[in-house]
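Since the structure of chain A is provided, determine the placement of chain B on it from the hints.
Protein chains in written order, with the working numbering: chain A, 33 to 385; chain B, 33 to 385.
Worth flagging that the hints you see were computed from the coordinates, not collected in a lab.
Take these hints with a grain of salt, some might be off.
A pair holds if it fits inside one copy or across any two, identical chains being indistinguishable in the list.
[Unchecked claim] Computed list of lysine-lysine pairs in DSS-like fashion (alpha-carbon distance at most 25 angstroms, straight line):
id	residue 1	residue 2
1	109	308
2	218	122
3	284	108
4	308	147
5	284	122
6	294	308
7	252	309
8	108	218
9	122	109
10	122	308
11	294	309
12	218	109
13	252	110
14	284	308
15	224	109
16	308	108
17	309	147
18	109	309
19	294	284
If you're wondering where the values come from, they're calculated on a predicted model, not measured in any experiment.
Number of protein chains: 2
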Amino acid sequence: MITIAVDCMGGDVGPASTLPACAAFLDSHPEVRLLLVGRPEAMSAWPSVLQHPRCQVVPATEVVAMDDPVEVALRKKKDSSMRVAITQVKDGAAQAIVSAGNTGALMAIARYVLKTLDGIDRPAIATQMPNARGGATTVLDLGANVDCSPEHLLQFAVMGSALVQAVSGLASPSVGLLNVGEEVIKGSEVIKQAGVLLRRAAEAGDLNFHGNVEGDDIFKGTTDIVVCDGFVGNVALKASEGLASMIGAFIKEEFSRSIFTKMGALFAYPVLSAFKKRVDHRRYNGGALLGLRGLVFKSHGSADAFAFEHALARAYDAARNHLLESVRDRIAHAAPLMSAALQAQDAGAATSA
Amino acid sequence: MITIAVDCMGGDVGPASTLPACAAFLDSHPEVRLLLVGRPEAMSAWPSVLQHPRCQVVPATEVVAMDDPVEVALRKKKDSSMRVAITQVKDGAAQAIVSAGNTGALMAIARYVLKTLDGIDRPAIATQMPNARGGATTVLDLGANVDCSPEHLLQFAVMGSALVQAVSGLASPSVGLLNVGEEVIKGSEVIKQAGVLLRRAAEAGDLNFHGNVEGDDIFKGTTDIVVCDGFVGNVALKASEGLASMIGAFIKEEFSRSIFTKMGALFAYPVLSAFKKRVDHRRYNGGALLGLRGLVFKSHGSADAFAFEHALARAYDAARNHLLESVRDRIAHAAPLMSAALQAQDAGAATSA
Chain A
33 MITIAVDCMG
43 GDVGPASTLP
53 ACAAFLDSHP
63 EVRLLLVGRP
73 EAMSAWPSVL
83 QHPRCQVVPA
93 TEVVAMDDPV
103 EVALRKKKDS
113 SMRVAITQVK
123 DGAAQAIVSA
133 GNTGALMAIA
143 RYVLKTLDGI
153 DRPAIATQMP
163 NARGGATTVL
173 DLGANVDCSP
183 EHLLQFAVMG
193 SALVQAVSGL
203 ASPSVGLLNV
213 GEEVIKGSEV
223 IKQAGVLLRR
233 AAEAGDLNFH
243 GNVEGDDIFK
253 GTTDIVVCDG
263 FVGNVALKAS
273 EGLASMIGAF
283 IKEEFSRSIF
293 TKMGALFAYP
303 VLSAFKKRVD
313 HRRYNGGALL
323 GLRGLVFKSH
333 GSADAFAFEH
343 ALARAYDAAR
353 NHLLESVRDR
363 IAHAAPLMSA
373 ALQAQDAGAA
383 TSA
Chain B
33 MITIAVDCMG
43 GDVGPASTLP
53 ACAAFLDSHP
63 EVRLLLVGRP
73 EAMSAWPSVL
83 QHPRCQVVPA
93 TEVVAMDDPV
103 EVALRKKKDS
113 SMRVAITQVK
123 DGAAQAIVSA
133 GNTGALMAIA
143 RYVLKTLDGI
153 DRPAIATQMP
163 NARGGATTVL
173 DLGANVDCSP
183 EHLLQFAVMG
193 SALVQAVSGL
203 ASPSVGLLNV
213 GEEVIKGSEV
223 IKQAGVLLRR
233 AAEAGDLNFH
243 GNVEGDDIFK
253 GTTDIVVCDG
263 FVGNVALKAS
273 EGLASMIGAF
283 IKEEFSRSIF
293 TKMGALFAYP
303 VLSAFKKRVD
313 HRRYNGGALL
323 GLRGLVFKSH
333 GSADAFAFEH
343 ALARAYDAAR
353 NHLLESVRDR
363 IAHAAPLMSA
373 ALQAQDAGAA
383 TSA
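Only chain A is shown next, with the shape it has when bound in the complex (with noise of 0.2 angstroms):
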């Protein structure tokens, strides 16, 4: 049986989408246990997942909203939802949580109550998106370092490693460093370091580095995992759900366009619908924050139940398939490389001086 703390109160509409989610969820998941976290009166509208035999509500009187600052989330709510289901990981009740509230204070809370594992400054964000080889290709960071060093690079790289391989069973997943060109010579300067970073991993047997790769290639399947920094990783992904909602609102458009362009969508209803539902993005909702003491999903903030449901299915499959004792254990295997790998740059900085 796995646990999951659910934070009832996060996303766009709370309840409305978190808790037919979890109705939803506990039908199609017969061993999953779920602790509902959130404000008693604001879900009671939805008894029926109250009463559940494998729920149980965990009362929480305050609600993190969704453009709170990160300072106002971490020391003035200190009841709110997203913190009591964290904590609920911490105290061994639950193996993972999954809320939909404000990005940033969920990463500051889930860093402040769990810590980061050991040989990891910075925690970061990992999630799915659709390939053309049918799969899917996970990119990291997305959105919680703006600023990295090489350093970070590498240890992003060893822990989307570790997540493809916990979920997807790949032994040896590959990884890309998102560049503006595939030569080695290419790149910021925090890149071309990195580069360097991730050959000498490589050649150590830690990491199955492709190389750099481009844009393009996230969704080319180039690559198993694309790392970046979390500004260009946010950048990437919001630009790609902007061309994406712009392409839907097109053949939208050009579909209703006429009698007979209407007829014509009746028509290839079926193809579209095949279509839209394998781009649809609510599939691959659910971020992993990587590199905590316990297992955080964050989903979208307008999932609607469908989305949410997706996310949880996401925690699910890390909680079985044992992602933090996967990352845990690459971290360290990786450690004596990475510190290598820094003592060799060092020293070629000093040689080259």
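Quick look at chain B alone, frame taken from chain A:
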């Protein structure tokens, strides 16, 4: 009469796409002359273009390869078609130059031959992306500058404004600063400082600064211009190209799944082709290299004749609308504001220190 110098040898296939594009462009633009720069023997298969009354062949003995290092292109190949074409602009023989060659080489040679405008440290590459409002968003920089300072981003904002004003005729195009959130406190240090500079420039009345925008705003068309460093811009552009290709491939695949879906495709054909036309990235081909003492346009290396023709049209529009003078005037006008903003920032830094 506008004269455009064309690097006929640039791009993946060289004359096979540039010369048919020139022929089509001459047909639709009676007030244009073209200087066809390249190796005469490589261009001889298109005699009707070479002998066109409004064309003149300018021979060049060398070609910059797509994978030539910048140093080779700049120092070893002094009689390359790219360099000879750029020199036509310097010498006043042409008002603009278009090349589908190696971006790094084009930027380096253009900078060396033409020099930058007063007040500009680094030229930027600007291109248009289609948006949901039915127009296009101008994004810069797209890869010329991977490490940018706040001052560079301010210069990009001013140059982008000049471009959109000259080519689209908008009196006061709006500028968004690409960031990971709309709030002023978000983002990397460079972006936060750039936000301060852009707000000061806007207060001085020389820039219509909207504020921070996110990746999806490029495609929403929230602002006319989106400013970012070349690393982020390049990743956003390529990720979007990758996603668009994937979606195109998915649609094709879904429609060819069975005899029934193929029939659906038949009925949906007029709509699908209208849609395809609408998002055809070839129609947006042609990036402007801004900040140089001459008009330089970069076509995608893989451009076919249809795409290259659009790059020619962009160069023509820019020359006809006096883009060079417009950028020069805007930069000159903003120069006191830019230095005032810098001084104010320095003073602020001193006060807060």
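Up to 25 angstroms between alpha-carbons, please classify residue 218 paired with residue 109: within, between, both or neither. between (45 angstroms within a copy, 22 angstroms between copies)
Is it within, between, both or neither when you check residue 284 against residue 122 at 25 angstroms Cα-Cα? neither (47 angstroms within a copy, 48 angstroms between copies)
Cα distance capped at 25 angstroms. Does residue 294 pair with residue 309 within a copy, between copies, both, or neither? Both: 20 angstroms inside a chain and 19 angstroms across chains, each within 25 angstroms.
Which holds for residue 309 with residue 147 at a C-alpha limit of 25 angstroms: within a copy, between copies, both or neither? neither (38 angstroms within a copy, 52 angstroms between copies)
Is it within a copy, between copies, both, or neither that the alpha carbon of residue 284 lies no farther than 25 angstroms from that of residue 308? So residue 284 and residue 308 pass the 25 angstroms test inside a copy (11 angstroms) and across (13 angstroms) alike.
Intra- versus inter-subunit Cα pairing at 25 angstroms for residue 252 with residue 309: both (19 angstroms within a copy, 22 angstroms between copies)
At most 25 angstroms between CA atoms: does that hold for residue 308 and residue 147 within a copy, between copies, both, or neither? For residue 308 and residue 147, the Cα distance exceeds 25 angstroms both inside one copy (40 angstroms) and across copies (50 angstroms).
Can you tell me if residue 109 and residue 309 fall within 25 angstroms by alpha carbon in one copy, between copies, both or neither? neither (39 angstroms within a copy, 52 angstroms between copies)
Please work out whether the CA atoms of residue 224 and residue 109 approach to 25 angstroms or closer within one copy, between two copies, in both situations, or in neither? neither (42 angstroms within a copy, 28 angstroms between copies)
Should residue 122 paired with residue 308 be assigned to within, between, both, or neither, using CA atoms and 25 angstroms as the limit? Neither: 39 angstroms inside a chain and 51 angstroms across chains, both beyond 25 angstroms.
At most 25 angstroms between CA atoms: does that hold for residue 294 and residue 284 within a copy, between copies, both, or neither? both (10 angstroms within a copy, 20 angstroms between copies)
Within, between, both or neither, where residue 122 and residue 109 count as close if Cα-Cα is 25 angstroms or less: Intra 18 angstroms, inter 64 angstroms, cutoff 25 angstroms: intra-copy only.
Figure legend: structure checked against the earlier numbered hints; hints not met, in rising order: 1, 2, 3, 4, 5, 10, 13, 15, 16, 17 and 18.
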